[in-house]
Amino acid sequence: MVTVRGEIDLYTAPQLQSGLLNALEDGARRLVVDMSGVEFCDSTGMSVLLSALKRAREHKGTLELVAPKPAVRKILEVTGLASVFTIQDSLDALPLAAGSGSTA
Amino acid sequence: MTMTDTELARLGDTGRAAEAVMERRPSATVEAVDILLIEDDTQDAFLVEELLADTALSAHITWVRTLAEAREHFAGFRGCVLLDLNLPDAAGMELLREVLTSAPSAAVVVLTGLNDEHEGVAAVAAGAQDYLVKGQVDGSLLARSLRYSVERQRADENARQLREAELYARENMRLERGLLPQVLLDSTPLVPRAFYRPGRKRALVGGDFYDAVHKDGTTHVIVGDVSGHGPDEAALGVSLRIAWRALVMGGVAEADLLPALAEILVSERAQDEMYATLCQTSIDTGREEARVRLFGHPPPLVLNGGKVEEVAVTPSPPLGVFPEGETEVDEFRLPRGATLMLYTDGLVDAYDGAPPARLEVDGLRRLVTDLLGRGVSVVDLPEHVIDEAERSNGGPLQDDVAMLLITHGDRP
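Residue numbers (the working numbering), protein chains in the order written: chain A, 387 to 490; chain B, 53 to 464.
It cannot be assumed that every hint is accurate.
Said to hold, decoys possible - Simulated crosslink set (EDC-like; lysine to aspartate or glutamate; CA at most 20 Å straight-line):
hint: 1; chain 1: B; residue 1: K359; chain 2: B; residue 2: E440
hint: 2; chain 1: A; residue 1: K455; chain 2: B; residue 2: D414
hint: 3; chain 1: A; residue 1: K460; chain 2: B; residue 2: D404
hint: 4; chain 1: A; residue 1: K455; chain 2: A; residue 2: D475
hint: 5; chain 1: B; residue 1: K267; chain 2: B; residue 2: E341
hint: 6; chain 1: B; residue 1: K267; chain 2: B; residue 2: D238
hint: 7; chain 1: A; residue 1: K460; chain 2: B; residue 2: E412
hint: 8; chain 1: A; residue 1: K440; chain 2: B; residue 2: D324
hint: 9; chain 1: A; residue 1: K446; chain 2: B; residue 2: E325
hint: 10; chain 1: A; residue 1: K440; chain 2: B; residue 2: E315
hint: 11; chain 1: A; residue 1: K455; chain 2: B; residue 2: D404
hint: 12; chain 1: B; residue 1: K359; chain 2: B; residue 2: D414
hint: 13; chain 1: A; residue 1: K440; chain 2: B; residue 2: E325
hint: 14; chain 1: B; residue 1: K267; chain 2: B; residue 2: E340
hint: 15; chain 1: A; residue 1: K446; chain 2: B; residue 2: D324
hint: 16; chain 1: A; residue 1: K440; chain 2: B; residue 2: E320
hint: 17; chain 1: A; residue 1: K455; chain 2: B; residue 2: E412
hint: 18; chain 1: A; residue 1: K460; chain 2: B; residue 2: E362
hint: 19; chain 1: A; residue 1: K460; chain 2: B; residue 2: D414
hint: 20; chain 1: A; residue 1: K460; chain 2: B; residue 2: E361
It is worth saying that the hints were derived from the structure and are not from the lab.
Start from the sequences, fold in the hints, and give me the full structure.
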């Protein structure tokens, strides 16, 4: 489970990237990204999420985005990525397995 | 290496030349100097401290005995390294080269023995600011050498940064020429207006690009953006733009253009993580309908009279994310006299007043409507749009912005 807060842009995206890659390297196969604290995600942020999704799939894993705010959900829709990611409406719905915590 | 005398004399010529230079820059003074003394001999180190204590130079001395110890202090060090060239764990030019590389912002002054003066000369040739012969320097000469060395190092560094900035500027010009071409719309009734504004805090241009080419009765227009920033992204942007133009000019069928471009992207990208967002619009000459294909990119706007509308498009994911299958295509009306506005996401990512709200496509639509209402012409529109977006953002936009406006003219 990776919890992200604030704005994901050109300057903060590398942090998110290393958080996600570390989780994958630690053996996590089901990446759950808590987006509830994210106010904004630009194209750099989206490509970081996309890369993590691709890597997860290469290891037969998944990447789920949880509870994106309306602004972020809109960006996902505009960029055609809403159908690419698995998006959960809230954290409550998740049967969570133990995972590594990290913030970006 | 031990000292034979307590008095050291600096070697004349380099010192005097330096003084002459320094006197022409009276404002360049150094108040306090950070000194990293790398010296394994306790007596010599003590002597340096004693000599400096007697001078007016305010020095903060860190003393280490080995290169290994010194390495911990190199990162970001901007003072003066006073370096004995005979250390237990390293010596000579190899030692000097490591210090110069590891502490690029430091001024390096080398200490040599009476019989190793040639080493001092070689050290200065290799990049040291000065050398001092142990046993021949007194306090004031030592202090002056240190002060001047730091000053010269700063001047050298300024010159280097200036050179770098010039190189970047030239590289940017080259890339911009590749990303932002003269569009090919002669003999069509379409009038283009292109615009580009680089984002802030960036040495290199991003990968925003646009182009427009008329071929066999149809005009194809494209705006795109390679995700991420840096020379690789900009270079990929140039490749994609030129590849797209070549595909269009080569007569590739409209529906096959973007799948082919996706293949080119996958084969040309430096890393698997590079994607491109883009919007391609195709307009048949003499018709008032256009076709649009959107890949992870914000939708274009149509400006007609005073009205501004977002083109309704079904977006596909960015190019390069998945092996391309069928691409979605949507139609929209582009009446004569109307203007199609294509842009990159740097524009809609601007803050809408206070953070975290962003302009988004709807905010841009409002902004353009407002400008048209104030009588701004299409020709002047891009500059005004950027100005307003910057005002809304509270300063220059973070990302590059490319805009391409195509007005559907009346002439045949």
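Taking the hints in turn, this is what the structure says about them:
Of the supplied pair hints, the one linking K359 (chain B) and E440 (chain B) holds, its CA atoms being roughly 18 Å apart against a limit of 20 Å. For the suggested pair K455 (chain A) and D414 (chain B), the alpha carbons sit about 17 Å apart, so the restraint of at most 20 Å is met. Simply put, K460 (chain A) and D404 (chain B) have alpha-carbon atoms about 15 Å apart, close enough for the 20 Å limit, and the pair holds. For the given pair, K455 (chain A) sits about 10 Å from D475 (chain A) by alpha-carbon distance, which is consistent with the 20 Å threshold.
Between K267 (chain B) and E341 (chain B), the direct Cα distance comes to roughly 17 Å. Compliance with the 20 Å bound is thereby established for this hinted pair. As the CA atoms of K267 (chain B) and D238 (chain B) are separated by approximately 11 Å, the hinted pair is consistent with the 20 Å bound. With a C-alpha separation of about 9 Å, the suggested pairing of K460 (chain A) with E412 (chain B) holds against the 20 Å cut-off. A distance of roughly 9 Å separates the Cα atoms of K440 (chain A) and D324 (chain B); the hinted pair therefore holds under the 20 Å criterion.
The hinted pair formed by K446 (chain A) and E325 (chain B) meets the criterion: a straight-line CA distance of about 18 Å does not exceed 20 Å. Between the alpha carbons of K440 (chain A) and E315 (chain B) the distance comes to roughly 17 Å, so the proposed pair stays at or under 20 Å and holds. Distance check on the hinted pair: K455 (chain A) and D404 (chain B) sit about 17 Å apart at the alpha-carbon level, within 20 Å; holds. With a C-alpha separation of about 13 Å, the suggested pair K359 (chain B) and D414 (chain B) falls inside the 20 Å cut-off, and the hint holds.
For the hint pairing K440 (chain A) with E325 (chain B), the CA-to-CA distance comes to about 9 Å; that is within 20 Å, so the pair holds. The straight-line distance between the Cα atoms of K267 (chain B) and E340 (chain B) is roughly 17 Å, inside the 20 Å bound, and the hint therefore holds. The suggested pairing of K446 (chain A) with D324 (chain B) holds, with an alpha-carbon distance near 18 Å, which does not exceed 20 Å. Between the alpha carbons of K440 (chain A) and E320 (chain B) the distance comes to roughly 19 Å, so the proposed pair stays at or under 20 Å and holds.
At most 20 Å may separate the alpha-carbon atoms for a hinted pair to count; K455 (chain A) and E412 (chain B) meet this at roughly 14 Å. Straight-line distance between C-alpha atoms of K460 (chain A) and E362 (chain B) comes to about 15 Å, which keeps the hinted pair within the 20 Å bound. Our distance criterion of 20 Å between C-alpha atoms is met by K460 (chain A) and D414 (chain B), whose separation comes to about 11 Å. For the given pair, K460 (chain A) sits about 18 Å from E361 (chain B) by alpha-carbon distance, which is consistent with the 20 Å threshold.
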